[in-house]
Amino acid sequence: MNATTHTAPRSERAGRPADTPRGPARARRRRFDWRTWGAFALLTAPMLIGLGVFKYIAIGWSFLLSLSDAQGTIALGDWVGLDNYRQLLGDAVFRNSLSKILLFTLFIVPITFAASLGLALLVNRIRRGRAVLRTAFLIPAAVSYVAASLVWKMSLFSGMPAGIANMLGGWFGMEAVPWLQAGDPPLYWIALVTLRLWLQVGFYMVLFLAGLQAIPKEVYEAAALDGATGLRLLRRITLPMLRNTSVAVLMLMFIAAFQAFDEFYNLFGGGMSGSGTAPVKTPLMYLHDTAMGAQNYGLGSAGSFVLTALIVGVTLIQGRITGFGKSEE
Amino acid sequence: MSGQRAQLSRRGFLGGSLLFVAGTAIGCTSSPTGGSSSGAKTTLNVWSHAYGEAGTQQALTRYAAEFTKANPDIAVKVTWVPGDYTAKLNASLLTDAAPDVFEHGDFTQGLARRGQVAALDAEYGSVKDDFNQTGRDGVTVDGKLYGVKMIDDVMMLYYRKSVLAKAGIAPPTTFDALVAAAKALTTKKTKGLFVGNDGVGEMPALSLLSNGGELVADGKIGFAAPQAVEAVSALKRFHDDKSLLLGFTTDWWDPSAFVQGVAPIQWSGLWAMPAIEKALGDDFGILPWPAFKAGGTPVVRVGGWTSCVNAKGKNVDAAKKFVKWLWIDQTKLQQDWSESYGFHVPPRKSVAATAAKLSKGTAKEAVELAAKYGRINPNTWDSASGTPFVAAASKIVTGQGDAAALLADAAKQAQLAVDKQLS
Chain A
1 MNATTHTAPR SERAGRPADT PRGPARARRR RFDWRTWGAF ALLTAPMLIG LGVFKYIAIG
61 WSFLLSLSDA QGTIALGDWV GLDNYRQLLG DAVFRNSLSK ILLFTLFIVP ITFAASLGLA
121 LLVNRIRRGR AVLRTAFLIP AAVSYVAASL VWKMSLFSGM PAGIANMLGG WFGMEAVPWL
181 QAGDPPLYWI ALVTLRLWLQ VGFYMVLFLA GLQAIPKEVY EAAALDGATG LRLLRRITLP
241 MLRNTSVAVL MLMFIAAFQA FDEFYNLFGG GMSGSGTAPV KTPLMYLHDT AMGAQNYGLG
301 SAGSFVLTAL IVGVTLIQGR ITGFGKSEE
Chain B
330 MSGQRAQLSR RGFLGGSLLF VAGTAIGCTS SPTGGSSSGA KTTLNVWSHA YGEAGTQQAL
390 TRYAAEFTKA NPDIAVKVTW VPGDYTAKLN ASLLTDAAPD VFEHGDFTQG LARRGQVAAL
450 DAEYGSVKDD FNQTGRDGVT VDGKLYGVKM IDDVMMLYYR KSVLAKAGIA PPTTFDALVA
510 AAKALTTKKT KGLFVGNDGV GEMPALSLLS NGGELVADGK IGFAAPQAVE AVSALKRFHD
570 DKSLLLGFTT DWWDPSAFVQ GVAPIQWSGL WAMPAIEKAL GDDFGILPWP AFKAGGTPVV
630 RVGGWTSCVN AKGKNVDAAK KFVKWLWIDQ TKLQQDWSES YGFHVPPRKS VAATAAKLSK
690 GTAKEAVELA AKYGRINPNT WDSASGTPFV AAASKIVTGQ GDAAALLADA AKQAQLAVDK
750 QLS
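Here the protein sequences come in this chain order: A and B.
Here our numbering is used: the first sequence runs in plain steps of one and ends on residue 329.
Here our numbering is used: the second sequence runs in plain steps of one and ends on residue 752.
Just so you know, the hints here were simulated from the structure itself, not pulled from any lab data.
Careful, some of the hints might be misleading.
Pairs of lysine-lysine, DSSO-like flavour, derived with a Cα cap of 30 Å [to be verified]:
id	chain 1	residue 1	chain 2	residue 2
1	B	K643	B	K406
2	B	K417	A	K55
3	A	K100	B	K724
4	A	K100	B	K741
5	B	K643	A	K55
6	B	K749	A	K100
7	B	K495	B	K693
8	A	K100	B	K565
9	A	K100	B	K693
10	B	K571	A	K100
11	B	K370	B	K641
12	B	K653	B	K417
13	B	K512	B	K622
14	B	K653	B	K370
15	B	K571	A	K55
Start from the sequences and build out the full structure, keeping to the hints where you can.
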């Protein structure tokens, strides 16, 4: 009912003169509404059905799978309650993967954030060649994780003396080291972090640039009249005005970090022993091994729900802090 | 006027979209591969992992064509799967597009117990006894045969005769000698030994077996036993000496590191021997993984691929027919598959006896080593039990934690997996 009273005036305003008699208009209105709803249903149905079938049914099914013993099948029926969750949380490897990914996130998100914001500020300031620089920084975002991982693994951080990192080290008298293998110190983090930065910073930089360009010039002019310059301008004007962009970027970064898989899988994989010997295993790698390797789809589904809960939790906390607090970061 | 035009264009838009959808649907239903097999009633979908040796894909396609010639009502579509074959296979087996026939490396009981593969006893018939013992044991679950071993893959150590001779080192026949040789052969540009880019490879299992241990026996995980702890801990010596080649561009199953002289000793497979012979002539020899200490035994690993029939597929009978035709009846093709590309040992005794290229030189030595020291992974050993083991071993060899405790924890996980498989 609410909808009909809301849409009616609009349709009248659009097509009909305002002084139409009330009675017939009602009748016409009801007929028209039916057609609007029909069109609405027709136009949104493909998308809604698609979402339903490919997302929500799949998610629901996966949840039911997580409560059943599903080995080598995705048929439901063998209910085991919360056994899968119990086994999962009892597995030191999974718990360890969760704590590793938390650490990774705490490390990579601030660095990526600072680097992309810094680059955006720099690129935004220069007068000449801005487009060229922007493109140069954005291009890596178009490279696939797999391709980049292979370049990092076989060329930059190869264990051979001819690997680029080892060659550079060699000029300074360092001996060749295996970058990607387990060891002390854990050098593989250098490869992991640089790879992710190279791939992601450009993309977030563009988001920040868009945010920067949306800040009205007048605000800066007013601040300049008040005598604000340099760092003060940045802290009092630019960063607060960028808050919406920052919150969105931060959220994307958190989610991307928690879902890290591609570069870990490709940098450490490739051995016949699967990813068993990988020095760091992310939750998604663990789930890939469990579901695709050992065909334990029940356990795999349970793991994906634990991970989802973690991501949702972190996003909510982040939203609360950045959304309500008086943050100027 | 304007309202009417808007309505018209909306209708036009809808009509256009419907036409587009209909067109796409028609376009997609006419399968691009359908035309090739005129007259065939069923099309078998056969999956193979991407073998590295040149000519293998063409060979398999050729066998399939010959099968269709002999059975005109069954067409065969060979799918060559690069990359992570097991993951792709496992995912595909859940769907309608699942292969009817697929090969599996290191057959595991779980496949049969979960009802994913069909029993093939009838297809074997009297030929059963012609398959070697390990070939039959590997696919036997509760007395039934669930697959046909296509090839035995023998894995052992390759060494460069000239490099070892120049350094005055005898081919190592004990574990201590291997550690010492790897150390002595490590220079600024080369490393002594290549077992895999992760520095672990198959070493943990080899070391354990060479010390009289077992991965799993009678449903009980054995890799936390004292001799296993001793054998796995000792592998740390390679890492302490920094004598292992790590982070090479290809992994241990490819002979590039060995052929290019980056590592004078490498663990690899018999399949790589033609490539090594071509590059190095006779400047190489082979060795089993040496006995861990007095009282232990040298080990050669025997793996290989098994042809299986998808029990849940739509064409089980045709699939069985194909497997029987190719891997049981066609001895000529089996021989071609075993020795025309990479070298593999035919699991059928009669075929192995006539394999000309395997009956001379170093290849013959490898076959003999396999017969003497060859070990297959028990079919209760799968990735769910193997992953905790190599993960623990990886920590142990790089000195992160106590070996006994790590292996005991891993054994608990692996035992859960084995129990679940057998239940």
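Status of the hints after comparison with the structure:
no. : hint              : verdict
1   : K643/B <-> K406/B : holds, 15 Å
2   : K417/B <-> K55/A  : holds, 21 Å
3   : K100/A <-> K724/B : holds, 16 Å
4   : K100/A <-> K741/B : holds, 22 Å
5   : K643/B <-> K55/A  : holds, 28 Å
6   : K749/B <-> K100/A : holds, 28 Å
7   : K495/B <-> K693/B : holds, 26 Å
8   : K100/A <-> K565/B : holds, 25 Å
9   : K100/A <-> K693/B : violated, 49 Å
10  : K571/B <-> K100/A : holds, 27 Å
11  : K370/B <-> K641/B : holds, 19 Å
12  : K653/B <-> K417/B : holds, 25 Å
13  : K512/B <-> K622/B : holds, 19 Å
14  : K653/B <-> K370/B : holds, 19 Å
15  : K571/B <-> K55/A  : violated, 50 Å
Taken one by one, the earlier hints fail for this structure at numbers 9, 15, listed in ascending order.
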